[in-house]
Amino acid sequence: MAKMKGAVVVNTDRCKGCNLCVVACPLHVLALAKTKVNAKGYNYAEEVLEDACTGCTSCATVCPDGCITVYRVKCD
Amino acid sequence: MNREDIIKPGNLVYEKPVLMNDNDMHYCPGCSHGVVHKLIAEIIEEMGMSEKTIGISPVGCAVFMYNYIDIDWQEAAHGRAPAVATALKRLWPDRLVFSYQGDGDLACIGTAETIHALNRGENITIIFINNAIYGMTGGQMAPTTLMGMKTATCPYGREPELHGYPLKITEIAAQLEGTAYVTRQSVETVSAIRKAKKAIRHAFENSMAGKGSNLVEIVSTCSAGWKMTPEKANKWMEDNMCKYYVLGDLKDVE
Numbered sequence: 815m816a817k818m819k820g821a822v823v824v825n826t827d828r829c830k831g832c833n834l835c836v837v838a839c840p841l842h843v844l845a846l847a848k849t850k851v852n853a854k855g856y857n858y859a860e861e862v863l864e865d866a867c868t869g870c871t872s873c874a875t876v877c878p879d880g881c882i883t884v885y886r887v888k889c890d
Numbered sequence: 178m179n180r181e182d183i184i185k186p187g188n189l190v191y192e193k194p195v196l197m198n199d200n201d202m203h204y205c206p207g208c209s210h211g212v213v214h215k216l217i218a219e220i221i222e223e224m225g226m227s228e229k230t231i232g233i234s235p236v237g238c239a240v241f242m243y244n245y246i247d248i249d250w251q252e253a254a255h256g257r258a259p260a261v262a263t264a265l266k267r268l269w270p271d272r273l274v275f276s277y278q279g280d281g282d283l284a285c286i287g288t289a290e291t292i293h294a295l296n297r298g299e300n301i302t303i304i305f306i307n308n309a310i311y312g313m314t315g316g317q318m319a320p321t322t323l324m325g326m327k328t329a330t331c332p333y334g335r336e337p338e339l340h341g342y343p344l345k346i347t348e349i350a351a352q353l354e355g356t357a358y359v360t361r362q363s364v365e366t367v368s369a370i371r372k373a374k375k376a377i378r379h380a381f382e383n384s385m386a387g388k389g390s391n392l393v394e395i396v397s398t399c400s401a402g403w404k405m406t407p408e409k410a411n412k413w414m415e416d417n418m419c420k421y422y423v424l425g426d427l428k429d430v431e
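So the sequences go chain by chain: Z and F.
Every position in the first sequence, counted from 1, becomes a number in my numbering once 814 is added.
Every position in the second sequence, counted from 1, becomes a number in my numbering once 177 is added.
In short, the hints are calculated from the structure, not lab data.
There may be inaccurate statements among the hints.
[Claimed, not checked] Mimicking EDC-like on lysine to aspartate or glutamate, the simulated pairs with C-alpha atoms at most 20 Å apart in a straight line are:
1) Z:K850 x Z:E864
2) F:K193 x Z:D890
3) F:K420 x F:E431
4) F:K327 x F:E408
5) Z:K854 x F:E348
6) F:K372 x F:E431
7) Z:K817 x F:D182
8) F:K229 x Z:D890
9) F:K428 x Z:D865
10) Z:K854 x F:E431
11) Z:K888 x Z:E864
12) F:K388 x F:D429
13) F:K193 x F:E223
14) F:K372 x F:D429
15) Z:K888 x F:E192
16) F:K193 x Z:D865
17) F:K327 x Z:D865
18) F:K412 x Z:E860
19) Z:K817 x F:E431
Predicted model, so just to flag it, every value in this text is computed and none were measured.
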């Protein structure tokens with residue numbers, strides 16, 4: 815079976831740190847930044863396990879602010 | 178394969194809908210409104226109706242909805258969105274007309290407009306966001322507040338003797354002759370969001386096909402009003418809201 819590799823890009827300026835993407839990700843790729851905040855003062859979401867992402871789009875689907883862009887490629 | 182090789186326009190599988198602009202939404206973190214806004218923008222785009230859609234924004238948290246989705250909008254007086262939608266659809270039958278209302282707007286001050294617009298079978302879609310609380314004004318009791326639920330105006334919990342019972346307006350709408358499609362959905366998980374998207378699309382298609390009025394209730398969270406984290410609010414909604422407001426299609430006329 816072909817393996818999927820994905821990557822997510824979080825619009826950190828728009829992110830409100832609601833944590834819903836972190837909960838939705840089945841592979842725990844995302845986490846809220848512990849020590850960094852954006853201009854609004856929120857601990858934004860960021861990729862912490864880059865290699866695990868399969869590009870399933872769960873995080874982007876649940877994101878209420880549309881902060882997440884997902885890319886996916888098939889690896890043979 | 179490294180990250181730079183994956184992040185290329187050809188590999189894009191999900192991005193913010195094109196119709197949703199870059200204005201920062203004023204909603205609290207984790208608010209269900211954002212998800213529903215995104216779904217509406219995606220559906221209008223997929224249907225190719227971006228130049229032919231008119232939304233009616235309500236009074237309530239979604240009052241600034243016209244700032245976020247790039248379609249035509251009309252702001253209505255509190256609760257009067259279905260009446261404005263009726264006029265717009267009758268004057269412009271080729272337009273996709275929908276109203277977007279919260280529980281205070283639709284089920285309290287606008288009950289008469291809602292029920293009569295649905296009963297007349299106007300070819301419009303009403304999107305009803307039910308979060309069981311008045312979010313914008315500071316978390317007061319709404320008609321849809323659950324029994325025993327604590328809000329700013331019922332701090333000891335809602336009691337039937339004092340406050341009456343939660344209003345199931347979607348069940349009422351399902352009994353009206355004029356409605357074509359009445360459904361109740363939620364947006365707390367990926368699968369629920371996909372189902373809700375299908376429901377809204379079906380409602381929009383029905384209203385363009387002239388089948389009658391459509392009501393899509395979205396059982397939502399209000400993490401700020403409920404005083405919970407967005408994650409806990411979703412769980413609380415599944416455990417409490419979805420038991421009283423049972424999800425699923427209530428009416429679907431072929």
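Now for the hints, and whether the structure bears them out:
1. Distance hint between Z:K850 and Z:E864 is fulfilled; the C-alpha atoms sit about 19 Å from each other, no more than 20 Å.
2. Distance hint between F:K193 and Z:D890 is unfulfilled; the C-alpha atoms sit about 29 Å from each other, more than 20 Å.
3. Among the hinted pairs, F:K420 with F:E431 is inconsistent with the structure: their alpha-carbon atoms are about 28 Å apart, more than 20 Å.
4. The hinted pair formed by F:K327 and F:E408 meets the criterion: a straight-line CA distance of about 19 Å does not exceed 20 Å.
5. At roughly 41 Å between alpha-carbon atoms, Z:K854 and F:E348 are farther apart than 20 Å, so this suggested pair is violated.
6. Between the alpha carbons of F:K372 and F:E431 the distance comes to roughly 19 Å, so the proposed pair stays at or under 20 Å and holds.
7. The suggested pairing of Z:K817 with F:D182 holds, with an alpha-carbon distance near 15 Å, which does not exceed 20 Å.
8. Restraint check: the Cα-Cα separation between F:K229 and Z:D890 comes to about 44 Å, which exceeds 20 Å; the hinted pair is violated.
9. With a C-alpha separation of about 45 Å, the suggested pairing of F:K428 with Z:D865 is violated against the 20 Å cut-off.
10. Between Z:K854 and F:E431, the direct Cα distance comes to roughly 48 Å. Violation of the 20 Å bound is thereby established for this hinted pair.
11. The straight-line distance between the Cα atoms of Z:K888 and Z:E864 is roughly 16 Å, inside the 20 Å bound, and the hint therefore holds.
12. Taking the CA atoms of F:K388 and F:D429, the gap is near 10 Å; set against the 20 Å cutoff, the hint holds.
13. As the CA atoms of F:K193 and F:E223 are separated by approximately 13 Å, the hinted pair is consistent with the 20 Å bound.
14. Distance hint between F:K372 and F:D429 is fulfilled; the C-alpha atoms sit about 15 Å from each other, no more than 20 Å.
15. Restraint check: the Cα-Cα separation between Z:K888 and F:E192 comes to about 19 Å, which is no more than 20 Å; the hinted pair holds.
16. Between the alpha carbons of F:K193 and Z:D865 the distance comes to roughly 23 Å, so the proposed pair goes past 20 Å and is violated.
17. At roughly 44 Å between alpha-carbon atoms, F:K327 and Z:D865 are farther apart than 20 Å, so this suggested pair is violated.
18. A threshold of 20 Å between alpha carbons decides the hint, and for F:K412 with Z:E860 the separation of about 23 Å lies outside it, so the pair is violated.
19. About 42 Å separates the Cα atoms of Z:K817 and F:E431, which puts this hinted pair outside 20 Å; it is violated.
Checked against the numbered hints listed earlier, the structure breaks hints 2, 3, 5, 8, 9, 10, 16, 17, 18 and 19; every other hint is satisfied.
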